Amino acid sequence: MATLLRVTSPHAHGPVSTPKVMQKVLLATVPGIIVLTHFFGFGTLVNLVWACIVALACEALALWLRRRPIGFYLRDYSALVTATLLAIALPPYAPWWLIAVGVACAILLAKHIYGGLGYNPFNPAMAGYVILLISFPLQMTAWAPPRGLGQLPSLVEALQACFWPAGFDGITMATPLDLMKQNNSLLVADLYAQTPQFGRWAGLGWEWANLAFLAGGIWLLYQRVFSWHAPLAMLASLSLLAAIFYDGGSSASGGSPLFHLLSGATMFGAFFIVTDPVTSAVSVRGRLIYGAMVGVLVYTIRVRGNYPDAVAFAVLVMNFAAPFIDNYTQPRTYGHQPGKGGG
Amino acid sequence: MRKIFDFHGGIHPPENKHQSLQRPIRDAGIPPRLVLPLSQHIGAPASPVVAVGERVLKGQLIAEALGFVSVPVHAPTSGTIVAIEDRLVAHPSGLLAPCIVIATDGLDEWTSLVAPPDYRDMTTRELLARIRDAGIAGMGGAGFPTAVKLTTKPGSAVATLIINGTECEPYITADDILMRECPDRIVEGVNILRQLLQPGEILIGVEDNKPEAIAALRAAATGSAIEVVSFPTKYPSGGEKQLIELLTGEQVPSGGLPLDVGVICQNIGSVVAIADAVVRGQPLISRITTVTGEAVAEPGNFSVLLGTPMNYLLAQAGYQPGRNRRLVMGGPMMGFTVPDASVPIVKTTNCLLAPSEAELPVPPPAQACIRCGMCAQACPASLLPQQLFWFAQAREFDKLEQHNLFDCIECGACSWACPSNIPLVQYYRASKAEILQLRREHAKAEQSRMRFEARQARIAQEEAAREAKRAARKLAAEQRAQTAAAGGEGVEDPIQAAIDRAKAKKAAQQVVATRATTETGERDKLEKAVVTTRARLDTASSKLEQARAEGSDLVDALQLGVDKTRAKLEAAELALQAFVDAGQTAPQQAVPTDAASVAIARAVAARAADAALDPVEKARAQLAGLEQRLAKTRARLAASRSKGEEEKIIGILVSTEAALEEKVSAARAQLNGKGDT
Ligand code: SF4
Ligand code: SF4
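For the protein sequence lines, the chains are H and V, in the order given.
Counting along the first sequence from 1, when you hit position 327 you're at 326 in numbering that gives the first Met the number 0, and nothing is skipped either side.
Counting along the second sequence from 1, when you hit position 577 you're at 576 in numbering that gives the first Met the number 0, and nothing is skipped either side.
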């Protein structure tokens with residue numbers, strides 16, 4: 000008889016695997032991408048494809064430099080997830096170099112410099128986004144007008160916008176979040192009525208994109224890819240603050256809870272960024288705190304800050320705080336008294 | 000309905016229990032040989048009371064318990080003792096362990112069993128003795144001596160007796176089938192435990208995936224005080240701590256015992272064994288073992304004699320070795336692989352799992368930890384396995400302890416759930432072992448520090464005593480001088496002086512006496528340290544040799560261990576030597592055994608140096624020593640001759656010289672031979 004294998008328990012293994020988790024996350028972004036493409040044209044898709052190509056190249060390069068098995072780690076899909084999330088966050092019709100710089104920063108600086116997947120303290124996609132936002136504010140705030148408010152570029156034009164930006168003459172338009180912040184003379188109701196960008200609840204196109212990301216997120220929850228704690232805490236604290244400071248819709252109002260829930264990157268952030276396990280807190284209590292704090296920061300930066308959207312900044316700041324949250328939210332171990340050094 | 004509590008975490012792995020439940024319990028029969036390890040339980044191994052060649056009868060005592068935490072071993076059938084030797088046993092580390100081997104004669108002839116009195120008339124002490132003498136150790140996995148577990152401190156009340164019929168591990172059905180087929184024996188055993196422990200309530204906990212067992216038990220328990228409680232299936236609800244939380248809502252304090260929350264747990268198999276022992280007077284010689292997995296054609300449960308080689312039992316179930324790459328004793332979550340299919344079934348073997356490769360595939364290589372927290376969600380001890388993993392990787396032992404590594408029950412739920420296939424439990428086991436090792440070393444260092452301080456204090460004390468004595472002597476001399484000067488004036492003075500002298504003498508004697516006693520105790524300790532370390536070195540070396548022979552990849556690790564132990568031995572010997580030397584050079588030393596112990600220490604040191612050398616070096620060293628001795632003898636002889644000493648002395652020296660010369664030449668020849676090879 001062949002010699003028996005000596006291995007340690009457990010001998011059985013659950014059905015979940017990291018590549019599968021990543022695949023599910025990718026799949027869950029599909030509705031959002033479709034809606035974005037519908038309202039803003041092919042720009043998002045071009046972003047996506049180009050970002051993925053650059054990401055795979057960067058990942059392979061980093062793995063090669065670090066002498067890791069390239070094929071094995073590429074198959075964990077984490078680079079594709081980072082690229083996809085960043086591509087979604089970038090304005091459509093961004094030039095190729097902008098995307099390439101963002102992706103390279105995300106993969107090389109935010110991830111591999113720290114030791115690769117699992118060791119990165121900051122969410123790579125958001126780190127890449129923030130680096131771009133600080134370095135190239137002009138390009139990063141140029142959002143195309145949604146369908147219905149302007150002519151959508153064709154696929155050829157979208158490709159041209161990306162790879163030969165000099166020859167592309169796109170139009171841009173302020174987003175509802177910009178408008179809400181800049182507004183200081185109109186009641187919210189009047190603002191909605193007078194500005195076509197606001198659509199039905201929060202912003203033409205934006206509201207549907209948020210709902211699509213919400214749907215993807217709920218599917219991921221159903222698939223138990225992550226727990227509800229962090230996203231729900233974020234949405235709850237954001238709504239709460241918005242409700243408190245709604246101000247009855249005066250000209251100084253920060254916008255209604257619904258406006259905030261369906262604006263900008265709220266749902267995308269709640270279900271695809273805040274849920275990034277690597278960079279968030281680990282325990283249930285920790286994740287509640289983490290999510291709630293992100294919500295608070297998002298609202299504060301949106302209403303008081305100088306940047307158009309706040310999810311990326313809020314997440315990075317909380318990434319920074321996550322280890323401290325972990326330290327103070329160690330669950331009580333079985334058989335330990337509550338309150339004694341975290342159990 | 001009783002309130003069922005919940006415990007944190009848990010998982011739902013595929014149960015795979017139906018395969019082994021298709022058939023009733025079968026008898027595995029009598030194999031030609033039985034191999035009975037002396038240690039089938041936690042605690043001191045049993046000590047053989049039979050000799051090779053002796054014929055034994057079924058149920059006869061063949062090894063007796065050694066100490067309180069120990070249980071005896073009995074012959075499972077009649078036959079002849081053919082060997083008492085080290086054999087491969089089912090142990091995670093794949094070690095050899097002392098075993099008694101019986102060649103069975105197929106007659107299955109019982110020894111005369113003493114008909115036990117009615118247990119209702121027995122005292123607690125008698126009941127415990129009977130349980131212990133029957134060799135019963137926890138049959139659910141760990142194998143803790145049952146009688147020890149049932150011994151309660153006087154005054155500590157047992158509020159709840161819990162019988163663990165959970166059997167939450169996938170595949171295993173040994174308890175399930177016992178509950179289905181023998182509920183009456185279980186109730187019988189529980190009644191004995193009731194008499195023994197006088198518990199406030201008695202619960203039999205069964206997961207709700209065993210409706211037949213629950214029904215059978217409920218039927219058998221009607222009219223008794225036993226409550227059969229069922230609760231949702233979730234791994235690891237059968238863990239003792241988890242089961243206690245499920246049924247009582249209380250958590251056993253970390254590092255404590257179930258009795259701290261008024262609970263005693265017993266496993267179904269042990270309860271049946273108790274009934275057999277107390278009612279029928281039968282010792283524990285067989286058990287129910289599940290044989291399952293895709294590599295056996297007819298999975299099921301067997302009543303199997305302890306000591307039966309696993310391959311014999313597997314053959315009864317239609318084993319297909321070609322389909323089987325790992326053989327697991329226990330279940331897929333906590334069981335361990337056995338090194339060879341010939342190892343024997345022991346008291347704790349509840350399951351033999353022979354899976355096909357497709358059934359339990361070797362997991363793909365581990366991916367990075369993505370901190371998804373699935374492990375933390377699964378952990379029944381509410382630990383943070385991902386954090387423990389990080390600290391284990393970084394070898395941050397204090398952080399590991401801070402995060403309560405030692406509350407990990409090694410249930411494997413975290414590893415099962417981890418999407419990155421990280422062998423988390425393996426890390427925890429290794430870290431635990433390492434921390435324990437460090438703790439031991441720390442304790443030892445602490446001990447020697449204390450010993451050193453005690454010695455310092457003693458020296459100071461002696462110095463003071465000597466000073467006092469000197470002062471007393473001086474005083475006495477002064478007084479004497481005064482008396483002399485005064486000339487017959489003080490009649491009492493000489494008496495006083497005598498008294499003083501006597502006092503001083505006594506004080507000095509006392510000092511010497513205390514010193515002698517502490518010193519002997521100290522030397523004993525040091526000598527003991529040397530002896531135990533040497534024993535450890537011996538076992539470590541033999542393990543190393545074995546590993547070398549097998550070409551195992553543990554060689555390096557073992558080599559390291561051997562080196563460390565050897566260093567420790569040397570240190571212990573040095574300490575002993577230093578101690579003895581110090582004693583010898585100290586003034587007023589009056590301990591008579593010193594010369595002997597010096598000799599012992601030297602011999603010991605020489606042997607240690609010996610052990611450290613390789614054969615050629617050893618021979619060379621031996622030769623050098625001999626030559627030295629020869630030279631010394633010759634010098635001495637020359638001196639004696641020149642001094643004209645007695646004939647006899649010179650004669651002895653001459654013969655010594657001759658003997659040494661012979662030895663030297665023999666050693667030279669040997670060395671040359673060795674050098675050649
Ligand atoms: S389940 Fe595995 S990958 Fe997830 S946090 Fe735990 S150890 Fe890391
Ligand atoms: S093996 Fe330890 S850490 Fe892992 S789930 Fe079980 S108790 Fe928790």
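None of these hints come from the bench; they were simulated from the model.
Treat the hints loosely; a few may be bogus.
To be verified - Derived Cβ-Cβ restraints for the label pairs, each shown as a range:
#	chain 1	residue 1	chain 2	residue 2	range
1	H	Phe-319	V	Gly-66	53 to 61 Å
2	H	Gly-247	V	Phe-4	20 to 28 Å
3	H	Phe-319	V	Phe-4	34 to 42 Å
4	H	Gly-70	V	Asp-5	37 to 45 Å
5	V	Ala-570	H	Leu-55	40 to 48 Å
Unchecked claim - What the simulated footprint calls covered on chain H by chain V, stretch by stretch (three residues with Cβ under 8 Å from a Cβ of chain V suffice, anywhere in the stretch; the number is not a length):
#	segment
6	17-25
7	202-209
8	319-331
If you're wondering where the values come from, they're calculated on a predicted model, not measured in any experiment.
Glycine residues also receive a C-beta, built at the ideal position from the N, C-alpha and C atoms.
Verification of the supplied hints:
Separation of Phe-319 (chain H) from Gly-66 (chain V) is about 57 Å and conforms to the stated range, judged on CB atoms against 53 to 61 Å. Between Gly-247 (chain H) and Phe-4 (chain V) the C-beta distance comes to about 48 Å, which lies outside the given range of 20 to 28 Å. Checked against the given bound of 34 to 42 Å, the beta carbons of Phe-319 (chain H) and Phe-4 (chain V), roughly 39 Å apart, stay inside it. Checking the proposed 37 to 45 Å range against Gly-70 (chain H) and Asp-5 (chain V) shows it holds: the Cβ atoms sit about 43 Å from each other.
A beta carbon spacing of about 57 Å between Ala-570 (chain V) and Leu-55 (chain H) contradicts the range 40 to 48 Å that was offered as a hint. Counting residues of the segment 17-25 of chain H whose CB lies closer than 8 Å to any CB of chain V gives 4, so the stated coverage by that chain holds, three being the minimum. Given a C-beta distance limit of less than 8 Å, the hint that chain V covers the segment 202-209 of chain H is violated, as 0 residues qualify and 3 are needed. With 4 residues carrying a beta carbon less than 8 Å from a beta carbon of chain V, the segment 319-331 of chain H meets the three-residue requirement, and the given coverage holds.
Violated hints, in rising order: 2, 5 and 7; the structure is consistent with all others.
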